[in-house]
Each structure stands twice: as structure tokens, then as C-alpha cells.
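Colleague: In case you want the letters, here they are:
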Amino acid sequence: VKQGKPTSAFYDAPQAIRYTTEAWQRGTPMKGRPNVRELQYDVAVGIGPKGGAQYKVRVHRNERNQIHGHPAGPEDPISP
Amino acid sequence: MSHPLHADPTSLTLQLRNAYGSFEEPCYDFLERVRGQQPYAKLEAELRQRYEIVDTTDFNTDSALILGIESGSEVVTLMLSLAAIAAILCRPGTDHLCLVEKATTATEQSVVSLLTEHAVPQLSAPLLSLSSGITNIQGDGELTFFQALFSDSGDPPKPCVSEFGK
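Residue numbers (this note's numbering), protein chains in the order written: chain Z, 1 to 80; chain B, 1 to 166.
Chain Z with its partners taken away, still in its complex shape (with noise of 0.2 Å):
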């Protein structure tokens, strides 16, 4: 498998749409980035690039106002 970006997964596509549009609305302004915003869940959100779980939504705003989120942050090994 080529291991390409997006390096990280939601688990299903509503989950995705649901938590990109969450994050953005009560996310917190990443320092330095105006158009991206994060927010911490207690739940895994999804799967990250070394296969362990992530909390952290990250939202992308660009200039056609379109939002992109993905699952971020630290990854917490998933038990066989």
C-alpha cells in the first residue's frame, strides 16, 4: 500500500462530515493559521498514519470557503 496524504482516515464518511463541520464550528484557531482549527474529542475519531487512534479533528477553511477536516494529534496504539 502506498502510504500517501491524506495520512489519516475517519472511520466512515458521516463521522467525517460530522466532525469536520463540529470542529470547525467550536474548534480552537490553530497560532499562527487563521484558516485552521482543532478540536479535542474523548473518543478515537480515526486512524492515523502509523495505525493507532487520533482525538484530534483538524479543519481546513480555504479561500472559496470549503472546509476539509481529517483526524490529528498523537496516536494511542489500537489492541489486536
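For the record, the hints were derived by calculation from the structure and aren't laboratory data.
Warning: the hint list may mix true and false statements.
To be verified - Examples of chain B residues toward chain Z, derived with CB under 7 Å:
#1 TYR28
#2 THR144
#3 GLY154
Said to hold, decoys possible - One side of the interface only, derived from the structure: several residues of chain B facing chain Z at Cβ under 8 Å:
#4 ASN60
#5 GLY72
#6 THR77
#7 PRO92
#8 THR94
#9 ASP95
#10 HIS96
#11 LEU99
#12 ALA103
Ideal placement from N, C-alpha and C gives every residue a C-beta, glycine not left out.
Once you have looked at the hints, place chain B on chain Z.
Modeller: Positioned in the frame of chain Z, the structure of chain B alone reads:
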């Protein structure tokens, strides 16, 4: 990663191809490997001595180290490419970043002089918007130099406009 960029578009595309190993954007492993080599270690160390630094790099979208540099209430954003030795300095606006072409504040001037000292070239706005010849790994289009070198989060930053018009 040992040489600074020669900033003409054809040469840039070839340098990117050599760095990435193909005409596709870099994979996660490539970026992790280059970050591990710490190509900007000395520059970063000097920045950290002078300022509060917030690293917001995320390889889901970024091909560069993206550093928020804080000095009092001022924040500037420095992007240091991991595909070549090249940088851009940006100023956060309300919604988007703009490209600092002429450093006006003391912080901007100090960061620009550190870039010069460490032989890290700053790329210009027109160049950032040109097509790079590198394709998106997901197969949905060709990247601009900004996207290939720095980040595909959002659009290439436009030059900052000061109260004096430029």
C-alpha cells in the same frame, strides 16, 4: 536537502522530482524521514532562543515545518519546506495568511535576517501560484509550488498589503 533552491520554475520542478523521487507529491514516510534529518536544526535553535515557537506541522496537509513565532502580541508564521531548502514568511490575517514580501516589524526583520544568515531563500508570491509539474498523490490534479513545497491546506498566500498600499 543539502542545497538551497534555485528559484526558476523548471529547475524547481526538477529539484522537487529529485527530492520526492517521482512527479507525485511526497508520502508520509518521505516527510518523516526528512524531518528526522533536521535540515533546519540550527535555524530552529536560534529562533527558539529568541521567540516562543508553536509547531503546527501536520503531514496530512503539510510538506513543510510550519512554525508560529510569537513575540508579545505579534505572531508570524514561518514555513520551512521539507522538499528543498526554501521558506516563506506569512502574517496571519483574520481569515487567511498573507505573504510577507517586505518585512516591516522587528520580528519579521529578525526572522528574515536569520533566513539570510542560514542561506534559506524566500520564495515570491508569483512563483508560489505557478503549477509545479508535481501531481497530487490522490490523482485529482497538479499542485502549485506552494502546495508541493509547503502545504496543500488552502490557497497560496497573497502578498500582504500594508496601510501604505503595499
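Colleague: For every hint, state whether the structure bears it out.
Modeller: How the hints compare with the structure:
1. TYR28: Holds: closest Cβ of chain Z sits about 4 Å from TYR28(B), inside 7 Å.
2. THR144: At about 13 Å, which exceeds the 7 Å cut-off, the nearest Cβ of chain Z leaves the hint on THR144(B) violated.
3. GLY154: Constraint on GLY154(B) satisfied, holds at 5 Å.
4. ASN60: With a minimum Cβ separation of about 5 Å from chain Z (threshold 8 Å), the hint on ASN60(B) holds.
5. GLY72: violated, 14 Å
6. THR77: This hint holds: THR77(B) lies near chain Z, its Cβ roughly 4 Å from the closest one there, short of 8 Å.
7. PRO92: holds, 5 Å
8. THR94: holds, 6 Å
9. ASP95: Hint on ASP95(B): holds, closest Cβ of chain Z at ~6 Å, below 8 Å.
10. HIS96: Holds, about 5 Å.
11. LEU99: violated, 14 Å
12. ALA103: With a minimum Cβ separation of about 16 Å from chain Z (threshold 8 Å), the hint on ALA103(B) is violated.
Hint check: violations occur at hints 2, 5, 11, 12; the rest are consistent with the structure.
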